[in-house]
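Asker: Work out the full structure: start from the sequences and follow the hints.
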Amino acid sequence: MAINGRIDTATAPELEQNINKEIEQGHRKVLLNFAGVSYISSGGLRVLLATAKKLKSPEDKFALCGLSPEVHKILKLAGFTSIFSIYTSEGEALAGW
Amino acid sequence: MPAGNAQLVPIIWQQLPGASRAEIYPYIRKVDVISSNSYLIRTPDAILLIDPGGLTDQAEMLASVIAGCRAERDRPVFVILTHAHVDHFNGMRDVPAFAYANTAVLMVQEEGALALERGDRFLTQADMFNVSIPPIQVGVHLFSPTRQDQADIPVELYPANEGHLVITRSPEDHAGNRTAHERIMVGASLVVDCYHTPGHSPDSICIRIGSLFFIGDLLFAANPGVAGLSGWSQEGLVRSLSMMEPLLSGEEITIICPGHGRTITPKDAASMMTMVKKDALALSDIAEFNRERATEAAVYAEDCMEEVNELFTIMAGRLDYVAYVLSELGEAGIAENASALMNGDKVDELLDAFRSFAEEHHRGQNLSVHLALKAGQVIGKLERSFNKSDLARIIDPSMIRRAERLLSDYTTMFRGYTPPREIAPVDLSSLLDVLVAGFTIPPCSDDDVLSSTDDDSAFAAILMARIGARPLLEDVDFSMEGKPEHLPVVLDRDLFTDLITYVLEDLVGIGSDTIRAEVRTTDTAAMLTITGNVVTADTETGRTRRFLHGLSERAGGSLTTGRDESGATQYMIQVSRAI
Chain A
71 MAINGRIDTA TAPELEQNIN KEIEQGHRKV LLNFAGVSYI SSGGLRVLLA TAKKLKSPED
131 KFALCGLSPE VHKILKLAGF TSIFSIYTSE GEALAGW
Chain B
463 MPAGNAQLVP IIWQQLPGAS RAEIYPYIRK VDVISSNSYL IRTPDAILLI DPGGLTDQAE
523 MLASVIAGCR AERDRPVFVI LTHAHVDHFN GMRDVPAFAY ANTAVLMVQE EGALALERGD
583 RFLTQADMFN VSIPPIQVGV HLFSPTRQDQ ADIPVELYPA NEGHLVITRS PEDHAGNRTA
643 HERIMVGASL VVDCYHTPGH SPDSICIRIG SLFFIGDLLF AANPGVAGLS GWSQEGLVRS
703 LSMMEPLLSG EEITIICPGH GRTITPKDAA SMMTMVKKDA LALSDIAEFN RERATEAAVY
763 AEDCMEEVNE LFTIMAGRLD YVAYVLSELG EAGIAENASA LMNGDKVDEL LDAFRSFAEE
823 HHRGQNLSVH LALKAGQVIG KLERSFNKSD LARIIDPSMI RRAERLLSDY TTMFRGYTPP
883 REIAPVDLSS LLDVLVAGFT IPPCSDDDVL SSTDDDSAFA AILMARIGAR PLLEDVDFSM
943 EGKPEHLPVV LDRDLFTDLI TYVLEDLVGI GSDTIRAEVR TTDTAAMLTI TGNVVTADTE
1003 TGRTRRFLHG LSERAGGSLT TGRDESGATQ YMIQVSRAI
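Line order of the protein sequences matches chains A and B.
Just so you know, we're using this note's numbering here: the first sequence kicks off at 71 and counts up by one.
Just so you know, we're using this note's numbering here: the second sequence kicks off at 463 and counts up by one.
Hints are supplied without guarantee of correctness; some may be wrong.
Said to hold, decoys possible - Below, in silico cross-link-like pairs of lysine to aspartate or glutamate (EDC-like), each with a Cα-Cα straight-line distance of 16 Å or less:
hint : chain 1 : residue 1 : chain 2 : residue 2
1    : A       : K123      : A       : E86
2    : A       : K123      : B       : E793
3    : A       : K131      : A       : E92
4    : B       : K843      : B       : E822
5    : B       : K808      : A       : D78
6    : B       : K843      : B       : D814
7    : A       : K124      : B       : E790
8    : B       : K843      : B       : E866
9    : A       : K123      : A       : E92
10   : A       : K126      : B       : E790
11   : A       : K123      : B       : E790
For the record, the hints were derived by calculation from the structure and aren't laboratory data.
Please read all numbers here as calculations on a predicted model, not as lab measurements.
Answerer: Here is the structure:
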């Protein structure tokens, strides 16, 4: 899934809905391409955690790629980089799937 | 403001408590700096409007209500100002029902009246809010020096609106224990008691009608961005607040009607006034809050809020991370406790609100003073949004300290003071050792965890800290070169610590897993260069760069940013050697 713009109070619920829809349709390997994301709020971080909780079976996969330095910094310092994998690009992520 | 049982019903005529022949029509707005509340009062033979507000729409609406009253029964109209700041009167200027002296007679305390008549841009705050004000004729000067020698002698006035006023000045209290007082009979039945309460402005008055007490901006007078306005007086404010105390403790007053926000009980008002007085007493030597300082505060507000945004998002995220790991470990109860320490949604909402406001500011839709005040409002709410001491037991305490310092520095700056710093001789070598140890060693050892297993609450606390406070450099290959055994320099220890933390967080945050620090010296200076190993496009915005440079200067040094030969981000901090 390619995500664009800001993930904030206004947009985080929509992102969560879209991810949930994919999971409900049976897609258990989710890669979020953050190349177009300029900002993530704590509400956005909670959406990522909620997704990680839903995709924790051994056969599931949940990862992010294409993070801007600003967003990477937030995820890294909040401790999230130890919960899910982060790749530089879609290609790098999908190579391991 | 606290909720009380002292509510008037907005935008509806109702009996004015304690005044049998008067009715009141309150126009109560949410608190902002654009326009005040308005209170419209009618008796069978007069209409009195307290503070028409700063917005034309508001004044037009009130004018139509007045027109309705006059259609039923024509009566003279009076407008009285609690003080002549533009947010309390400017809306009436273009409304014909108020604009002409013979349609509504304006009553203002002497100093405010003179300011309006000469079109004073500073005392009226027109300069601050960038509005033009032509001279405005004031029909009745309250507390006029001409009545000073006529204590207890009723003075009859027949103003241009064909109304009738009788003003009686109370004898002056030479001991200075009582505020100046004038009683105005408006028409045959409306008794209006005015008390001169300078401080917020030289012309501020409080007005009692029946059991209602209209107090203008007295409760806000020590707020950042309000204290220090042109005409503000610390001494006057403290004295006025002291003199209002006995009035509020009596039983005659039942509802307090402030200039902004909802009505409150006298009890709540009294306790708020105690706090305002305490704040006011701490405001000696405050700088004047004028347009230049508002512009400066707005620039600093945006720089500061960018850092606040990042720090609070990380703190809220870290708490969520702790809660996530705990729930994975089957510790749902402890996870819930961790989540409760900060309201992430509230924080997001506040940060979003500031960002939208700042965007409007850049589109020219609001002024610097509005942005500076908005930042002050958001920062005040953020300060109340997290439980600092409990939070510091879970996530890195230095993060909490930096967040607190960011918030308080803005308030200090906004108040007109210079944020504190203490430049003193420090051994840079030992300071760096302490910092690196703090960034490398976990706050809770394995032994701490093992020794707490018999005590549930101690175990929960250590488990949360163990998960939440991860050392910044734990996954980083960090090296330091060139550091002598001792290197006396002069700097502010706390601010320098913050600066190094921000720099390392930036390098770690962009993914550096190797960080090199190098110390070089000259006869007069020490230079610390910190380099990561990730090449990125510029990660800092102009605001962040300005913030870090400002922080570095306050810490007693100077910061330059660049890149090493491989293109990796490099920070160079120079400080003076202690002689």
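Asker: Quick check: which numbered hints come out false for this structure?
Answerer: As far as the earlier hints go, only 4 is violated by this structure.
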